[in-house]
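There are 2 protein chains.
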Amino acid sequence: MLILLTNDDGIHAPGIEAMWRELVKLGEVVVVAPETVQSATGHGITIEQPLLTSKVTVAEGFTGIAVDGRPADCVKLAINQLLPRQPDLVVSGINAGANVGINVIYSGTVAAAIEAAFLGLPSIAVSLFLRNEVPTDFAGAAIYARQMIDQIQSQGLKGGQCINVNLPAIPTGGKPAGVRTARQCTRPWVDTYDKRVTPRGREYFWNSSVYALRETEEDTDVAALRDGYITVTPLQFDLTEHKEMAQWAGREWKVAADPTHAE
Amino acid sequence: MLILLTNDDGIHAPGIEAMWRELVKLGEVVVVAPETVQSATGHGITIEQPLLTSKVTVAEGFTGIAVDGRPADCVKLAINQLLPRQPDLVVSGINAGANVGINVIYSGTVAAAIEAAFLGLPSIAVSLFLRNEVPTDFAGAAIYARQMIDQIQSQGLKGGQCINVNLPAIPTGGKPAGVRTARQCTRPWVDTYDKRVTPRGREYFWNSSVYALRETEEDTDVAALRDGYITVTPLQFDLTEHKEMAQWAGREWKVAADPTHAE
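One line per chain: the protein sequences are A and B, in this order.
Using this note's numbering, you'd call the opening residue of the first sequence number 212 and step up by one each time.
Using this note's numbering, you'd call the opening residue of the second sequence number 212 and step up by one each time.
Heads up, a few of these hints could be off.
Which copy? The list can't say, so a pair holds if one copy fits it or any two copies do.
As a list, the in silico DMTMM-like pairs of lysine to aspartate or glutamate whose alpha-carbon atoms are at most 20 Å apart [what the hints assert, rightly or not]:
#1 K406 to E239
#2 K236 to E271
#3 K386 to D438
#4 K406 to E246
#5 K369 to E463
#6 K386 to E344
Bear in mind the hints are in silico, worked out from the structure with no lab data behind them.
Chain A extracted, bound-state conformation (with noise of 0.2 Å):
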């Protein structure tokens, strides 16, 4: 099994080379990540700049590919000109934070495992919870990852299929309360901002907003990952909002047929 391996907060995280020391285990791994820190960068992709690519060693024996461009653009690249095939599997991570409810929407993390689903591959996202009174165990963490990873391959994920996989913070001698399959909650941030002022007198805005895990409904990512659960969220990427459409596929729509002249 060939594993394509990328993340967002850059090859340099402890995330992703503690993913790596646990994917080994399944299969051969290639690593095409981000050069730099990539974190909330959605889908973004680069098309009007060069990609450059290094080859680095992060640690013994954890060689790979570093790309100075997005995640989504890690794995377009790596499909299209860096692997010496199509990989069997396609892991994001693990990402330092969760990436529940809202945040599924905004994260690098995900957006590469998404991107490689409409492409036509399996792939898996897999962040961890960081709490302040939890220390972060990244190398626990890659073994749950791992044991999820294995069970949801092995289970018949197929080409274009994404599954979003969240691990909450363990306190040392805890463990996860269980695995729960939950929908993505879809509330927004409640955004808060500093205001400030440059010693030069222009207005700037620093984004202070708390992720209130409270504000949730039972059935949610949020709310499992919150309880101690390892979240699993199947994703898609269609947009269109199909309960909608007949409404709006039933209107006249008046367009004056000149609009230079019609004003």
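Dock chain B against the given chain A, drawing on the hints supplied.
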């Protein structure tokens, strides 16, 4: 009616100015848009850097606030900090280039509108299909856009709803074939990259993909725009693949309880 106008091509782009000239016929318009070109940035947001703002006068009568961030940042910041009150409508565009098919996923124009939608506002993204053989006419396109926006708004666009409008490239003296409500085509780009080498020997790649309008199903936005129609696609932002929820929820998962000792 208070309208927030943004885009992804930047506040100095001709498309947003043309849109502004028409939108002022519908209500009060406040422009908050990226300082620089943000094409294909998807739904990225800025959380680790400050967002600098400046008041700019782009043309006579056309002033706005430039934000050195992403399109979605502009919407967040405008609503949270810059506008005197909640807008009645958010318009994003006119984008220089179609946002149909899988490009909807990559589009900063669409991301701004979707951000507005999940913040509870009615929103419309507007993009103009550019074709080499047809002179680009943002002023003419904006007249069509304004007619569409006026009708979408008056037909009861609700908070949280997002409509993606694409305008065909219209030859001089021509007109749109009509208006068609169509779903998003979800086929991927057929990617191609030009591989090159820097003078110092480092490999780099230019994305040279051409998005093929012919590779689509006939009931999609791509086909309708190709055939000269103004396209209307209602969008949503729940990435859950609900059809697969039962499949994954029915699985039994085995997760070793103490992973650091399970090896």
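Structure-based check of all given hints:
1. K406 to E239: Neither: 49 Å inside a copy, 25 Å across copies.
2. K236 to E271: within (16 Å within a copy, 64 Å between copies)
3. K386 to D438: So K386 and D438 pass the 20 Å test inside one copy only (12 Å; across, 57 Å).
4. K406 to E246: between (31 Å within a copy, 18 Å between copies)
5. K369 to E463: Classified as between; 18 Å across copies, 41 Å inside a copy.
6. K386 to E344: within (15 Å within a copy, 62 Å between copies)
The structure shown violates just one earlier hint, number 1.
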